[in-house]
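So the protein sequences, as listed, match chains A and B.
Each step along the first sequence adds one to the number in this note's numbering, with nothing skipped, and position 29 is 29.
Each step along the second sequence adds one to the number in this note's numbering, with nothing skipped, and position 84 is 84.
Please note that a few of the clues may not be correct.
[What the hints assert, rightly or not] With a cut-off of at most 16 Å between alpha-carbon atoms, the simulated EDC-like pairs for lysine to aspartate or glutamate come out as follows:
#1 B:Lys162 to B:Glu196
#2 A:Lys48 to A:Glu24
#3 A:Lys48 to B:Glu313
#4 B:Lys162 to B:Glu213
#5 A:Lys6 to A:Glu24
#6 A:Lys48 to B:Glu213
Worth flagging that the hints you see were computed from the coordinates, not collected in a lab.
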Amino acid sequence: MSGNAKEQILDFVRARYPQADIDETQDIFALGFVNSLFAMELVMFIEKTFEVTIPNDELKIDNFRTANTMAELVDRLSPARV
Amino acid sequence: MTTLAETAPGTLQVTDRKSARAFVDTHIVPYADAYDRQGRVPEELLERMTAAGLWAPFLPRDTGGGEMDGGMDLVTLGEVHEEVGRGCSSVRSLLTVHTMVSWAVQRWGSPAQREQWVPALGRGDVLAAFCLSEPGAGSDASGIASNVVEKNGGWVLNGVKKWITNGQRADLFLVFARTATSIGAFLVPRDSPGVEVTPIEDMLGTRASMIAEISFRDVALGPDALLGPSGFTAGMVLTGTLDLGRYSVATGSVGIIQAALEACAAYASRRTVGGSLLKDLPLIQAKLSDMVTDARAARLLVAEAGRLKDAGEASTIMATWVAKYFASTAAARHASEAVQIHGANGCGHDYPVARLYRDAKVMEIIEGSNEIQRVTIASQAEREII
Ligand SMILES: Cc1cc2nc3c(=O)[nH]c(=O)nc-3n(C[C@H](O)[C@H](O)[C@H](O)COP(=O)(O)OP(=O)(O)OC[C@H]3O[C@@H](n4cnc5c(N)ncnc54)[C@H](O)[C@@H]3O)c2cc1C
Chain A
1 MSGNAKEQIL
11 DFVRARYPQA
21 DIDETQDIFA
31 LGFVNSLFAM
41 ELVMFIEKTF
51 EVTIPNDELK
61 IDNFRTANTM
71 AELVDRLSPA
81 RV
Chain B
1 MTTLAETAPG
11 TLQVTDRKSA
21 RAFVDTHIVP
31 YADAYDRQGR
41 VPEELLERMT
51 AAGLWAPFLP
61 RDTGGGEMDG
71 GMDLVTLGEV
81 HEEVGRGCSS
91 VRSLLTVHTM
101 VSWAVQRWGS
111 PAQREQWVPA
121 LGRGDVLAAF
131 CLSEPGAGSD
141 ASGIASNVVE
151 KNGGWVLNGV
161 KKWITNGQRA
171 DLFLVFARTA
181 TSIGAFLVPR
191 DSPGVEVTPI
201 EDMLGTRASM
211 IAEISFRDVA
221 LGPDALLGPS
231 GFTAGMVLTG
241 TLDLGRYSVA
251 TGSVGIIQAA
261 LEACAAYASR
271 RTVGGSLLKD
281 LPLIQAKLSD
291 MVTDARAARL
301 LVAEAGRLKD
311 AGEASTIMAT
321 WVAKYFASTA
331 AARHASEAVQ
341 IHGANGCGHD
351 YPVARLYRDA
361 KVMEIIEGSN
371 EIQRVTIASQ
381 AEREII
């Protein structure tokens with residue numbers, strides 16, 4: 001699940017920032033990609049793609065820094081976790 | 001107090017474009033110029049809107065027996081707001097800010113906040129206003145000076161908000177203010193001690209939207225006043241709320257184009273110049289054809305943004321910027337041409353086009369001015385490479 005999620009999240013970020021060369025461990029905040037518009041898009045993308053609702057207490061910067069941490073978030077929130 | 005909602009239970013329910021059109025043609029169109037002159041929307045119409053279920057029909061509704069349905073989809077909501085905007089941009093503005101706050105509470109509120117506010121916002125028993133702009137900060141939201149400090153487990157709010165639509169009448173304010181670490185959104189009931197509302201009269205457009213300046217002096221708020229997450233995602237409350245407001249303003253702008261078109265089509269069919277009906281003159285036909293075309297194009301852009309919202313697609317945010325940019329600029333262009341087609345009659349009180357012209361200008365400023373829209377759309381231009 002998380003391997004697939006990671007790739008899908010990376011594809012989403014790369015599609016938004018085609019000039020960026022990022023991998024799953026890079027901090028997209030440190031790279032300066034995240035403004036409030038993109039943050040909102042990212043949350044909507046994750047909720048729609050993985051059919052999860054991100055509760056307020058999971059909307060923390062550390063959950064969104066890298067594709068890895070976002071995939072972990074998706075794993076935590078997915079009801080059919082294996 | 002007995003309200004119209006109780007005394008007029010048979011008031012038409014607004015559930016779609018058709019019923020919205022009927023409501024607007026009966027209760028708004030005949031009076032919109034009077035509201036504009038009086039500088040306010042009468043309480044009777046606000047109550048009628050409550051009775052019609054117009055305030056926030058997208059909120060989940062209790063369908064009886066404890067069952068909830070999902071509420072109106074956003075494409076339909078957009079069609080309803082277009083119809084209201086066709087009748088009166090001031091009324092549509094009241095709906096817009098109420099929609100923004102209601103959505104924000106539903107989307108970001110804690111269970112306790114939702115329980116406290118959502119049913120009343122849904123019915124329209126509590127009317128809401130959105131408080132971001134200040135005397136010193138508009139386009140640049142990061143420049144706001146209003147602030148909160150934590151005290152006794154709650155918050156103390158200080159600051160001044162300006163140009164607040166429905167500030168004169170609203171019961172609940174969603175106020176954006178600086179916290180120690182970022183910007184937060186706070187729910188502030190109007191009757192909180194330290195809140196002072198000063199009406200702003202005589203605006204250029206949306207003159208009946210009951211705009212106010214609101215000052216907050218040492219307003220003590222409980223811990224439950226903060227709406228949504230704090231930290232980096234607090235900005236998302238603002239982004240998401242403005243996105244829905246922008247969508248509503250885009251739909252209202254389509255309504256202005258439609259109203260201009262309808263007024264001009266009627267006038268050009270009656271008015272003769274040098275023995276010809278206006279509608280037979282090629283230069284007038286050119287103006288009418290552009291109105292027809294832009295009304296359709298703007299409506300399609302808005303519908304696409306709405307469809308993406310209903311699908312939960314992230315691309316709705318950019319689609320909404322584009323729709324609002326196109327619709328608001330087209331509304332300003334065509335409202336100006338509508339005055340032109342009416343000649344001196346367009347400058348007087350006997351036709352609605354002067355009001356449309358003034359209202360349309362406002363659409364180019366609110367919820368992201370034209371310049372900000374162009375900057376934002378251009379910054380994402382590479383996404384459009386296919
Ligand atoms: C009728 C009406 C109702 C309103 N209702 C509300 C409400 O309910 N709640 C609320 O919070 N606010 C409300 N507002 C305020 C509105 O949101 C602001 O007017 C708007 O955000 C623009 O801010 P400003 O007026 O401070 O202009 P400024 O930000 O001072 O901008 C001045 C000019 O500079 C341009 N500009 C700004 N930045 C740039 C840039 N980077 N590049 C190029 N040009 C730029 C702007 O487009 C504008 O033309 C309302 C305003 C009006 C007129």
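Taking 16 Å as the top limit, are the C-alpha atoms of A:Lys48 and B:Glu313 close enough?
holds (7 Å)
Taking 16 Å as the top limit, are the C-alpha atoms of A:Lys6 and A:Glu24 close enough?
With Cα atoms ~7 Å apart, A:Lys6 and A:Glu24 stay inside 16 Å; holds.
Is it true that the CA of B:Lys162 sits at most 16 Å from the CA of B:Glu213?
holds (4 Å)
Within 16 Å, alpha carbon to alpha carbon, are A:Lys48 and B:Glu213?
violated (39 Å)
With the threshold set at 16 Å, check whether the alpha-carbon distance from A:Lys48 to A:Glu24 stays at or below it.
violated (20 Å)
B:Lys162 paired with B:Glu196 [C-alpha distance capped at 16 Å]:
Given that 16 Å is the threshold and the Cα spacing comes to 12 Å, the pair holds.
The structure shown violates the earlier hints numbered 2, 6.
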